[in-house]
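**Student:** Sequence:
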Amino acid sequence: MGKLDCLVWLGLKQGPPGSTIDGVVTWRMLIAEYLGTLLLVFFGTMLAVAPGNVDPISGPFAGGLALACIVQALAHVSGAMVNPAMSLGFFTCRRISFIKLCLFSLAQCAGAISGSALLKAVTPSTNHALHAMGSTTLAPGVTIFHGICIEIMITFLLVFLTVSATDGRRVDVTGSIPLIIGLAIVACSFAALKEPPAKVKWRGREARRIRS
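Numbering-wise, this note's numbering puts 117 at position 117 of the sequence shown, and it's gapless, one number per residue.
Because the hints were derived from the structure by calculation, they are not lab data.
As the structure is a computational prediction, the values presented were derived from the model and not from experiment.
Built from N, CA and C at the ideal position, the CB exists for glycine as well.
Check each hint, because a few of them may be wrong.
As the list claims (entries may be wrong) - Distance windows between CB atoms, simulated:
| hint | residue 1 | residue 2 | range |
| --- | --- | --- | --- |
| 1 | SER135 | THR26 | 15 to 25 Å |
| 2 | SER125 | VAL171 | 50 to 60 Å |
| 3 | THR123 | VAL171 | 37 to 47 Å |
| 4 | VAL163 | PHE61 | 21 to 31 Å |
Could you put together the complete structure from these sequences and hints?
**Tutor:** Spelled out as structure tokens, the structure:
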């Protein structure tokens, strides 16, 4: 990578015509990432404060379809990454600059915190302890190491699929990309049901996986 490419990759210079690295960051993009992550966490964990027994099938579909809606609504603004892991994947593939990675990650973390706080504020306090407000916990017998490995694998699948499906050089991708990404969340959620109650933090977009 030449000196100019390094500066563009870091976000210190605008890329030349035809460059695949997008280093431009605007307040509109940061607000989109913040809002998208807020909505994802709010709707993705809403079942965690529902009274009574929660159908384990509902969680993955709620998170996946919520993400699909968010990507459809905000992808044209910021890419709707709503997840620091997703932003890191795009940075690694030289699709965004280092500065954009850092600013997006901050906006996504702030959005995730705000989404959870908003959910807590608008729901009865008696329901908050039912499923730990959607926080990720390990199943009996599953060690921290096991949980980390599973989260790494399902997050990798999600990032790998998204980066591949949104590659502008591809002409073979048909159908709805937001729906494909949402279904990937559903697949990862079902795959992890027997391990941790996995939650893929998709673009700040934390997709809740409810464990039976």
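**Student:** Now tell me, hint by hint, if it's right for this structure.
**Tutor:** Going down the list of hints, with the structure as the test:
1. SER135 - THR26: 15 to 25 Å: violated (33 Å)
2. SER125 - VAL171: 50 to 60 Å: Once the Cβ atoms are compared, 53 Å apart, the range 50 to 60 Å for VAL171 and SER125 holds.
3. THR123 - VAL171: 37 to 47 Å: holds (46 Å)
4. VAL163 - PHE61: 21 to 31 Å: At roughly 24 Å between Cβ atoms, PHE61 and VAL163 fall inside 21 to 31 Å, so the hint holds.
Violated hints amount to a single one, hint 1; each of the other numbered hints is respected by the structure.
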